[in-house]
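J.: The residues making up each chain are set out below.
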Amino acid sequence: MPVKPAFETTIDHVSILDENGGFDEKLGKGLISDNDIVTLYEHMSVCRHLDEVAFKLQRSGRMGTYPENRGQEATSLGAAYALRKTDWLVSCYRENCGLFWHGLPIEYVLLHWMGDERGNKIPDGVNVTPLAIPIGTQMLHATGIAWANKYRGDDNIACTFFGDGATSEGDFHEAANFAANLDIPVIFFCQNNGWAISVPTKIQCSAPTIAQRGIAYGMDCVQVDGNDIFAVVRVVRDAAERARTHNRPTFVEALTYRLGDHTTADDARRYRDADEVEKWHKRDPLIRIRKYMADRNLWDDSREDALSEKTKAEVSAAVKRAEEIVAPEFADFFDSMYASMPAELRTQRGTRRTSSLGQDPSQLDGSNVSYPNTQGVNA
Amino acid sequence: MPVKPAFETTIDHVSILDENGGFDEKLGKGLISDNDIVTLYEHMSVCRHLDEVAFKLQRSGRMGTYPENRGQEATSLGAAYALRKTDWLVSCYRENCGLFWHGLPIEYVLLHWMGDERGNKIPDGVNVTPLAIPIGTQMLHATGIAWANKYRGDDNIACTFFGDGATSEGDFHEAANFAANLDIPVIFFCQNNGWAISVPTKIQCSAPTIAQRGIAYGMDCVQVDGNDIFAVVRVVRDAAERARTHNRPTFVEALTYRLGDHTTADDARRYRDADEVEKWHKRDPLIRIRKYMADRNLWDDSREDALSEKTKAEVSAAVKRAEEIVAPEFADFFDSMYASMPAELRTQRGTRRTSSLGQDPSQLDGSNVSYPNTQGVNA
Amino acid sequence: MANLTLVQAINLALIQEMEKDDRVMLLGEDVGANGGVFRVTEGLHKRFGGDRVVDTPLAESGIIGTSIGLAMNGLRPIPEIQFEGFLGPAYDQITTHAARFRTRTRGALTVPLTIRVPVGGGIHAPELHSDSPEAIYAHTPGLKVVMPASPYDAKGLLISAIRDPDPVIFFEPKRIYRAFREEVPEDEYTVPIGEARIVREGEEITMISWGASVIQCMNAIEESGRSIELVDLRTIAPLDMDTIEASVRKTGRAVIVHEAPKTCGFGAEIASRIMERCFLHLEAPVQRVAGFDTVMPYYKLELEYLPDAERIGKAIAEIAAY
Amino acid sequence: MANLTLVQAINLALIQEMEKDDRVMLLGEDVGANGGVFRVTEGLHKRFGGDRVVDTPLAESGIIGTSIGLAMNGLRPIPEIQFEGFLGPAYDQITTHAARFRTRTRGALTVPLTIRVPVGGGIHAPELHSDSPEAIYAHTPGLKVVMPASPYDAKGLLISAIRDPDPVIFFEPKRIYRAFREEVPEDEYTVPIGEARIVREGEEITMISWGASVIQCMNAIEESGRSIELVDLRTIAPLDMDTIEASVRKTGRAVIVHEAPKTCGFGAEIASRIMERCFLHLEAPVQRVAGFDTVMPYYKLELEYLPDAERIGKAIAEIAAY
Ligand SMILES: Cc1ncc(C[n+]2csc(CCOP(=O)(O)OP(=O)(O)O)c2C)c(N)n1
Ligand SMILES: Cc1ncc(C[n+]2csc(CCOP(=O)(O)OP(=O)(O)O)c2C)c(N)n1
Ligand SMILES: [Mg+2]
Ligand SMILES: [Mg+2]
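These protein sequence lines are chains A, B, C and D, in that order.
Heads up: the first sequence begins at 4 in the working numbering, then just goes up one per residue.
Heads up: the second sequence begins at 4 in the working numbering, then just goes up one per residue.
Heads up: the third sequence begins at 45 in the working numbering, then just goes up one per residue.
Heads up: the fourth sequence begins at 45 in the working numbering, then just goes up one per residue.
Isolated chain A, as found in the complex:
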């Protein structure tokens, strides 16, 4: 047969709790207990409030650039909920909700955006990597981390988060290709939020779905409603199972939306329409869960009020911890450069100078130096 099919495939789109409150019992039953959905909702509310507070902190000069997560809380949280604490989360910068669930204290994220490396000094036993600034680069680390787990023969896996734009980077391709061809237990979780700063998704991927990126690697791939935490939990559980038992990676495309600006340095009104934003406000994952809980008498206004008090307290405590940390010192950016500090670096640290006469004032002995200000060489 001169023309015969060489390959055929289909990609599923999964949805359980839709924006009108419709719930698919078949897929959704028992997936998340009533207790847990409440806890998850409370957790999401904290992140939502954190965005508000962080935004104000930035505007009042108490924090640098900050990327709101607003609207995307269900994605990383659903994934984290479906995984084990011993699994690794390798994230970008819009996954606060999942990272906190996995054990990262809130103040770490604040410190990061406050320009303080101590926000990356992940506590022992919390299996997350620091926020990744260079887009697309962290998926390779996730692949390597998961590979090390497989090498040691434990059954922990890694899940890496990234945006639609990140799938345009070569590093994404290499990470997915390594994972698929070397059988590495990692989940590639794409948060397709419609935009990469001002660039719409179609410039990053003009295919009908981003999920089909995975087909290139012979990887299982699936598209999910990212604002539906039930659906996210479902697909990530399946992916985790596949990884744990068969070392097979999965590509997950979660359809979601960034309700805020790209970061506090951005003004999204320059490039996107208000009605698009409006449309997605209706799909807000928090609204959806609230309706789900209300329908089942798990939630009411009084509980909501109580929660918002609790949330405020939790967030402001975290802000307090972040702002009360002792100021970093000059020496701090030297002391973690190497396990043992090279001589030249020690000199630079000790003298605060790179110039040779400043580093070795003995060369000036005899000559009298009159400094423009009162401080001495080693000041």
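Please keep in mind that the hints were generated in silico from the structure rather than gathered at the bench.
Every value quoted in this text rests on a predicted model; they were computed, and no experiment measured them.
All clues stand as given, with none of them false.
Residues of chain C placed beyond 10 Å of chain D at every Cβ, according to the derived structure:
hint, residue
1, ASP95
2, ALA152
3, GLU227
4, THR234
5, GLU267
6, ALA290
7, GLY296
8, GLU348
Quick list of in silico lysine-lysine cross-link-like pairs, BS3-like style, CA-CA up to 30 Å:
hint, chain 1, residue 1, chain 2, residue 2
9, B, LYS285, A, LYS7
10, B, LYS7, A, LYS285
11, B, LYS7, A, LYS7
Partial selection, computed: residues in chain D whose CB lies under 10 Å from chain A:
hint, residue
12, ARG67
13, ASP95
14, ARG96
15, THR100
16, GLU104
17, GLY113
18, MET116
19, ASN117
20, THR140
21, GLY186
22, ASP208
23, LEU283
24, MET319
25, GLU320
Glycine included, C-beta positions come from ideal geometry on N, C-alpha and C.
Place chains B, C and D with the ligands on chain A using the hints.
T.: Chains B, C and D with the ligands alone, transformed into the frame defined by chain A:
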């Protein structure tokens, strides 16, 4: 519907002239005239003989590392035949046959492997780029070249060639993604010859086909028998039409095989079985065409003998031209660095020195320099 | 003649060159409707349309690699890399291809390309938004590397870069994007690539710098009250050694100031050349006031990292006393 | 004690460290069944199996990026990049991640990684198989850069690199992979990273080099008949400045020899440091005998490009006469 298909697709495998001489009239009729198939066969024979000669040149120290093309002649030739001379071929290093057909004189390829940049000094009007040594990097140039054609509004396109291994590089991904999302008229032609030096294709792509790499970009993709020049011509014609009229790229996977070592520096017996090679010898594209021509009384032994005389003459003439070129000079690697040479470079070129006293002997005036040999500073 | 910021001067240069030559086109991340994250390409998408001002996929190697193809095939692309910290993914295309095509093909294929890149620290930005990699590219034969320190030079140098037949990396010091304004002629003019500028003359010490550090030098010089000759390189590669040599032969003392880490920073090349060319005129070892040999710290400490008037002033005092 | 080539010495070091520590694993292109294109990993795949000696997809950023993850999660990966010309695609992962994780996380996550890379010219190879990018990585805080010039040092330095808690780029000068043999102890030993070696002592001139150029220096020194102290850096970063300083204070004259282009080559850093530390002891400007500021030519002309005994000899004669 909670689980609904988000995407479905099929990829075709195209074959016209199979290894047993079977020919599909429906697809193949009128595709290549009797005259042309003879000419194409003669052209392939020249390349085949060139490999033999080049191999000997390398072994006898008259040429550096050389990569045989043996077994893959039909792929690049079929593509070049299906394109216009005004289109661009952006190749790797295993496409001699297509490059020569497109107008590159044979001695250019010889000079390249003889360690002479003049082998890259492409004659005016020949739209090919020089052989690309860094794997996977040239597809981006093809995309840019085709983009420029589109920008100017002419309908010339580009076709870029690369191996199965090259599809693992991030640059391949970025090139395909740019082409698909920005509607650029370029053809991605993958020569899947089963190996990347010693690494089998499944380590580069564990998916059922490499063709499906194109699905990631929503690109048309097709798999073709790369040792069947009719099938190659067919799919590249279709791809070219798609590019010229709709600015849409196509991904073509041509299944072929490298019958020789990776290069003259390689010994393929270290990593692959003799019977695999045997199997592919039977699929040799030249044997196949010879049978096709014989069945149609277009070819016989006497013509074969005449051809081999002609071939020998043509190749040895090219070798002669390559070997008789004047030796390159020291200054040559300075003179094309910039359109106008910076001062320091001019000094280095003039004095053949980087050291300051060698560059400016006036600093030594008075002092007597006794050089270890008879030559002076500017020797 | 208008009073412009560095951002406005670059924007003006882009407009004028695009008006003049329709082979000139822009591509990069967010350069279109958004006008670039620093608004350098503000209004260009509207003015010249989506074919000449192109928002690309988020892929730096793709941006530079396709630009190489565009340039080889007759256009004058001006790709933007959003921050110098994201040049990394494009490093291979820049160094193995953009820099090599002319000589690799003995002139048959050339790459007239201008890569615009915001550079340097001091703006309170996140990680990898504050580095200074100029020495990396100065060590790459086949490239030209430019870094203006003023709006006037920015416009004139950018026009020269766009018209240059070879690849130019045009670094834009983001710390001074809007730090001050300067009279910038409306009409077209060029500042030649490869010529340093004497910012102020002096007899005692020669100070050499580029980019945003030039202002730090000015402040230090004023505080010092000494007669110091300040040389703004403007072009890093090719280096204008004649201007430096003439100055150092006069002063006998030289201080180099840059943000990049000291070790293998471009200051090392300048110091070596000064020694090579002015050995008998040197009255003190050439001093390098540079970034420390550490990773650029997050912003809480970035001002401790960057050479400032105080550190420069100390070096001045020391070399003067030597 | 066996008489080994540099290739054999590296192979031996790999075997011994893999025997000793099962966290050590190799990955790269053709490192498995094929034993590497230079046969450096010959026999290791058979001996340690496919889980510890892994043929990867053809993707350098992937090789380094996954190695970073492997290292952060407790292993000791030794990725091979097949030629230095193909480090480019991995440049971003090396400089933005491998070099930064320890300080970025204030020590919480570290990257004990040894990147093996054949380096340099002189073997008649195709384009991009003959470069010398060591200065690029020496300008990257957070990395260590090593380049042995002998089989003995190769084994000892590689073992140190593998055990080092920080990322090390281990450059292997391919021109001397098999150029000569040397007694290499069978038992394990280390050569510390950061310590240069005095190859031969001398009084008149200090010559500093590394990698394959060290032999060119030896030849030139013998031809010159002068008393020249030859320092083989062995480690480029961190630089062993004390050894250099002690020697130059004694000789007052220094010549640096390397294959990389002169401008911003590592010679510039050494020359500057010598001036900074030995200013009053210098009797002549430090000389740099280096590659020219051009792209490394194809092999017909590569010997014209590389510093050889003749060019070095001229520099010796000149600096001696100064
Ligand atoms: C390598 C690199 N290039 C460019 C940038 C600048 N940048 C920061 S975020 C961003 C867009 C990312 O879009 P996406 O991946 O969709 O993630 P999102 O912000 O939408 O969550 C860009 C271009 C960067 N941080 N890293
Ligand atoms: C970026 C880069 N990495 C590694 C190499 C070394 N190398 C040369 S050819 C080759 C294999 C290429 O395989 P493939 O793409 O399948 O092409 P083929 O040789 O099979 O035609 C490798 C790894 C290179 N030239 N460039
Ligand atoms: Mg996005
Ligand atoms: Mg192949």
